[in-house]
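Engineer: One-letter residues, chain by chain:
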Amino acid sequence: MSIEPTTLPVRSGEDVVRVRQAVRTLAMDLGFSLVDQTKVITAASELARNTLTYGGGGEVRIERLNDGPKRAGVRLTFEDRGPGISNIDLALTDGFTTGNGLGLGLNGARKLSHEFDIWSQPGVGTRVTITRWK
Amino acid sequence: MNRLASRLPAIVEQHQQEILTEWVRLQLESGSWRAGRLQESQLRDESQRFLALLVSNIHKGMQFDARNSQWSEIREFLADLSRSRATQGFSPSQVATFVFSLKQPIFTRLRTSLLNEPEALADGMWETTLLLDSLGLYTTEVYQQARESVIARQQEELIELSTPVVELWPGILALPLIGTLDSERTQVVMETLLQRLVATGSSIAVIDITGVPTVDTLVAQHLLKTVSAAQLMGADCIISGIRPQIAQTIVHLGIDLSAVATKASLSDAFALALKRRGLTVTGSATGAARG
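Chains A and B, in that order, are what the protein sequence lines are.
The first sequence begins at 1239 in the numbering used here and counts up one residue at a time.
The second sequence begins at 11 in the numbering used here and counts up one residue at a time.
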């Protein structure tokens, strides 16, 4: 895999599978442990499905981070032009969902990552960035 | 174009042998036939048969119609050719080129035969183009249909194959899940399990997720729904195959699986199921003596 960031579409259930596979390949390539791989893949799966289900589809940017020789990481940016989130604190509350899911995905993705950033504006879209270091 | 009877059929028939020789020479020169495992003799034979079929058909009409029985011979020939070339490793465009490459030798004959009749020449070239284009595209269509039917069959097989419910012991079922649990498959999984519970009169079902690479909230939700449906039917579920990395991830996600019995391995789950049924496993006397 190249150092260049890759951008994948998130428009169907198959795309979610493809995002997981791409993140798995990168995490393995960076030498993530099995537990760390599983965490970042699961977080990617949650956010990709949110992008698809609630954002109406969008895309994900997958970046390889090299911050010094020992510190490698994966940064994922999910972006959609969907309805946006009016109350981010509420959306991050476990058990809260506007759909029919468990309401654990967004906050779960935050807990599975080292860095978490969310930007959303109603009517404009949502952008979620997570980073997991090795 | 109907104001004059077309001159094309007569010209092609009259020069059939020259056209064939030229066509085969061009195909051999281009070298594209070597892309697959095609014999030169086979190429000659196929070219000859196709041209003969074409000559006998263009007398009856110039518009190729795949549904018209008039074209059935040519249609079958091209379908066979497309399929056999596909298995020989040709790409769809290489298969279509077989037909398209006939244009040049026919054009050459038209030009020499209709030297002083530019209008008839233009008409003849246009008719040839229309006919050969539709025939060439037909080969691509057949190629694609063959591929699509293979993919559709494999998809169905995969859905069926990936959800076997096996009886581990009378009254104990196991459902080994493998791969991605997208919603369509989960539906099949759930139905199969519930049906088999009724059919076998089983009271315990072990759902093994060793083969599921990622357990996120959606997968967990599907599992929990399957478990509650089974419980409504009076059956107990045990989820097995929870690997360490999956366990940690589930905890971070905040998924509550405490209502379900979970085990790390299928054998642990089986032992628990036997215990719940009041069964014990003991080594036989001979087995114990051996080992």
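There could be a bad hint or two in this list.
[As the list claims (entries may be wrong)] DSSO-like mimics (lysine-lysine), calculated; alpha carbons at most 30 angstroms apart, straight line:
hint, chain 1, residue 1, chain 2, residue 2
1, B, Lys113, B, Lys70
2, B, Lys113, A, Lys1349
3, A, Lys1372, A, Lys1349
4, B, Lys70, A, Lys1349
5, B, Lys273, A, Lys1372
Rather than coming from a laboratory, the hints here were simulated on the basis of the structure.
All values derive from a computational prediction rather than experimental measurement.
Engineer: Can you name, in rising order, the numbers of the hints this structure does not satisfy?
Structural biologist: 2, 4
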